[in-house]
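Peer 1: I would like the entire structure built from these sequences, with the hints used as guidance.
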Amino acid sequence: MATETQTKKNTQLAMPWTVIVYDDPVNLMQYVTTIFKKVFGYSDEKATALMMQVHQKGRSLVWSGEKEKAEFYVQQLHSYQLNASMEKED
Amino acid sequence: MAPTLDGGLRIDADSLTDWMILELICADATNLPGPPLYDQISSRMVQNDDWKEFVVPDIVTQFNDQITFVSRAISAAPRDEDHAGSIFISKEDAMTWYGTVNQARLSLEHQHDLSKVDDITTEEDLDDLDSDVRAAVIRNHFYTSIQTLLLEFVI
Numbered sequence: 001m002a003t004e005t006q007t008k009k010n011t012q013l014a015m016p017w018t019v020i021v022y023d024d025p026v027n028l029m030q031y032v033t034t035i036f037k038k039v040f041g042y043s044d045e046k047a048t049a050l051m052m053q054v055h056q057k058g059r060s061l062v063w064s065g066e067k068e069k070a071e072f073y074v075q076q077l078h079s080y081q082l083n084a085s086m087e088k089e090d
Numbered sequence: 001m002a003p004t005l006d007g008g009l010r011i012d013a014d015s016l017t018d019w020m021i022l023e024l025i026c027a028d029a030t031n032l033p034g035p036p037l038y039d040q041i042s043s044r045m046v047q048n049d050d051w052k053e054f055v056v057p058d059i060v061t062q063f064n065d066q067i068t069f070v071s072r073a074i075s076a077a078p079r080d081e082d083h084a085g086s087i088f089i090s091k092e093d094a095m096t097w098y099g100t101v102n103q104a105r106l107s108l109e110h111q112h113d114l115s116k117v118d119d120i121t122t123e124e125d126l127d128d129l130d131s132d133v134r135a136a137v138i139r140n141h142f143y144t145s146i147q148t149l150l151l152e153f154v155i
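Residue numbers (this note's numbering), protein chains in the order written: chain U, 1 to 90; chain H, 1 to 155.
Don't take every hint at face value.
[What the hints assert, rightly or not] Short, incomplete list of chain U residues facing chain H, as computed with Cβ under 8 Å:
id, residue
1, MET15
2, THR18
3, TYR22
4, VAL26
5, LEU28
6, GLN30
7, GLY58
8, LEU61
9, VAL74
10, GLN75
11, SER79
12, GLN81
13, ASN83
None of these hints come from the bench; they were simulated from the model. C-beta: ideal position from N, C-alpha, C; glycine also.
Peer 2: Rendered as structure tokens:
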């Protein structure tokens, strides 16, 4: 039973977190692309595609992975005045 | 406004009015209505106690420092007796300037819903607007120009 509980806990911890960026009426498209490249090290192509998703769909899942890193990325995005949050993947 | 050879940006001001317009960047940035800037950009983020204690204060300070830096840079810029002078934005300071101008645009957006104002293509379009909104549209256009040049040539 204890092993089962521990496994469940480990599985929960290992569940990936997603970083989400939301659209807003102020941040320029080129700026959002620049910040995605700066924060995540994405290529111009990937950063532009994600920025377009934010612009057209209102939000984009820009990264997923472990919790601590997600927190770090959200902190970075907030410091660049982007509207961002993180959620645990289902 | 023009990019400089060392990778920065120069903003020329030729009159007291020009300096006053530059000073409005910081006035607008500090005049954000509603909740503080950080609360607005993190409204969808579930914040635990550690986040509130260790992350939020740093970012709030950073936003305030951006405005203070730009305000001092404008005040300290040398100008001659005819009020002509220039402000030089170095590559290192570009993000600080960008952040302050962004705060100013965010403030104007929240005060006047500028994104809902129809496309302004002629002077007659401007004349149709309420004077406060017209002034905000013009400032927003100027601020966006600064940001565009910073992005294109400096950042």
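Peer 1: Each of the hints needs a verdict: does it hold here or not?
Peer 2: Going through the hints against the structure:
Below 8 Å, beta-carbon pairs count as interface contacts, and U/MET15 has none with chain H, the closest being about 16 Å; its hint is therefore violated. The beta carbon of U/THR18 is not positioned within 8 Å of any beta carbon in chain H (closest approach about 12 Å), and the interface hint is therefore violated. Against a cut-off of 8 Å between C-beta atoms, the interface hint on U/TYR22 holds, since the closest Cβ of chain H lies about 7 Å away. Hint on U/VAL26 holds. Least Cβ distance to chain H is approximately 5 Å, under the 8 Å limit.
With 8 Å as the threshold, the beta carbon of U/LEU28 comes within range of chain H, its nearest partner Cβ sitting at about 6 Å, so the hint holds. With its C-beta approaching chain H no nearer than about 5 Å, U/GLN30 sits inside the 8 Å limit, and its interface hint holds. Using the Cβ-Cβ criterion of 8 Å, the hint placing U/GLY58 at the interface with chain H is not satisfied: the shortest such distance is roughly 12 Å. Violation of the interface hint for U/LEU61 is found here, the shortest Cβ-Cβ separation to chain H being roughly 13 Å, above the 8 Å cut-off.
Taking 8 Å as the C-beta cut-off, the interface hint given for U/VAL74 holds, the closest approach to chain H being about 6 Å. Taking 8 Å as the C-beta contact cut-off toward chain H, the hint placing U/GLN75 at the interface holds, the least distance being around 5 Å. For U/SER79, the interface hint holds, since its Cβ comes within 8 Å of a Cβ in chain H; the closest pair sits about 5 Å apart. The criterion of a C-beta within 8 Å of any C-beta in chain H is met by U/GLN81, whose closest approach is roughly 5 Å, and the hint holds.
Interface restraint check: U/ASN83 against chain H, minimum CB-CB distance 5 Å, threshold 8 Å, status holds.
Violation of the numbered hints given earlier is confined to hints 1, 2, 7 and 8; the remaining hints are satisfied by the structure.
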